[in-house]
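First to last, the protein sequences are chains A and B. Counting in the working numbering, the first sequence runs from 1 upward without gaps. Counting in the working numbering, the second sequence runs from 1 upward without gaps.
Derived by calculation from the structure, the hints in this document are not laboratory data. Don't be surprised by glycine CBs; every beta carbon is placed ideally from N, CA and C. Be a bit skeptical, because a hint or two may be false.
To be verified - Derived CB-CB ranges, DEER-like:
| # | chain 1 | residue 1 | chain 2 | residue 2 | range |
| --- | --- | --- | --- | --- | --- |
| 1 | A | S3 | B | W96 | 19 to 29 Å |
| 2 | A | S28 | B | D59 | 10 to 20 Å |
| 3 | A | S70 | B | G99 | 18 to 28 Å |
| 4 | A | P40 | B | K3 | 12 to 22 Å |
| 5 | B | R14 | A | Q45 | 11 to 21 Å |
| 6 | A | S28 | B | I111 | 33 to 43 Å |
| 7 | B | K3 | A | E15 | 23 to 33 Å |
| 8 | B | S80 | A | P55 | 26 to 36 Å |
As the list claims (entries may be wrong) - Computed footprint of chain B on chain A; a stretch qualifies when at least three of its residues, placed anywhere within it, have a C-beta under 8 Å from a C-beta of chain B:
| # | segment |
| --- | --- |
| 9 | 40–53 |
| 10 | 101–114 |
For reference, the chains in residue letters:
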Amino acid sequence: AQSVTQPDARVTVSEGASLQLRCKYSYSGTPYLFWYVQYPRQGLQLLLKYYSGDPVVQGVNGFEAEFIKSNSSFHLRKASVHWSDSAVYFCAVRGPGGNYKPTFGKGTSLVVHP
Amino acid sequence: DMKVTQMPRYLIKRMGENVLLECGQDMSHETMYWYRQDPGLGLQLIYISYDVDSNSEGDIPKGYRVSRKKREHFSLILDSAKTNQTSVYFCASSLWDRGNTLYFGEGSRLIVV
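Just chain A, with the same shape it has in the complex (with noise of 0.2 Å):
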């Protein structure tokens, strides 16, 4: 079964900080990857997603991820944080097989102090 780990309930930054969010997923071959981001009282919104070719994959907003199958890792990084990057991140999984139900990670708080 597909799985995700997010280890970070909460992760606090000051503005203008690099950041990284850590995202690790089980899954036996090799699954499409995503990160969503959720700003205050709204849905999820792709910030970006990988299959395969080069393993660092851009985003929206300056937001990057490295996928490393060696490690089952797919992190999310930016060079420097904005107080409007403060929202809640969450990685995601879909394989193979026959429903393609993705399964989510539970979520990262990124607090952005000015």
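Assemble chain B onto chain A, guided by the hints.
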């Protein structure tokens, strides 16, 4: 316009009452989903629908049922709501391929008292 619309956005019900949450999308997506979101638990998949009248249980289907009679519309029904069904419910849609993005609605906050 690439939008998923959920109604109602907020709902208070008494224990034992029936609840209907409705979701619509304008993207002709084949696949639609219902999730619930609770603090510390993230998103849990309740049901997935692959097209009209083609529904499949997710990870936590107990206490819920769904209906999909038109591709653009997917309903979540709680027959005799329970207090532990108090949650925020999200509907999402996507094209069928596993690489395709899920588009989410803004959520329906249900309180069962």
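Here is what the structure says about each hint:
no., hint, result
1, A/S3 <-> B/W96: 19 to 29 Å, "holds, 23 Å"
2, A/S28 <-> B/D59: 10 to 20 Å, "holds, 19 Å"
3, A/S70 <-> B/G99: 18 to 28 Å, "holds, 22 Å"
4, A/P40 <-> B/K3: 12 to 22 Å, "holds, 19 Å"
5, B/R14 <-> A/Q45: 11 to 21 Å, "violated, 34 Å"
6, A/S28 <-> B/I111: 33 to 43 Å, "holds, 40 Å"
7, B/K3 <-> A/E15: 23 to 33 Å, "holds, 32 Å"
8, B/S80 <-> A/P55: 26 to 36 Å, "violated, 49 Å"
9, 40–53, "holds (count 8)"
10, 101–114, "holds (count 7)"
Violated hints for the displayed structure, listed by number in ascending order: 5 and 8.
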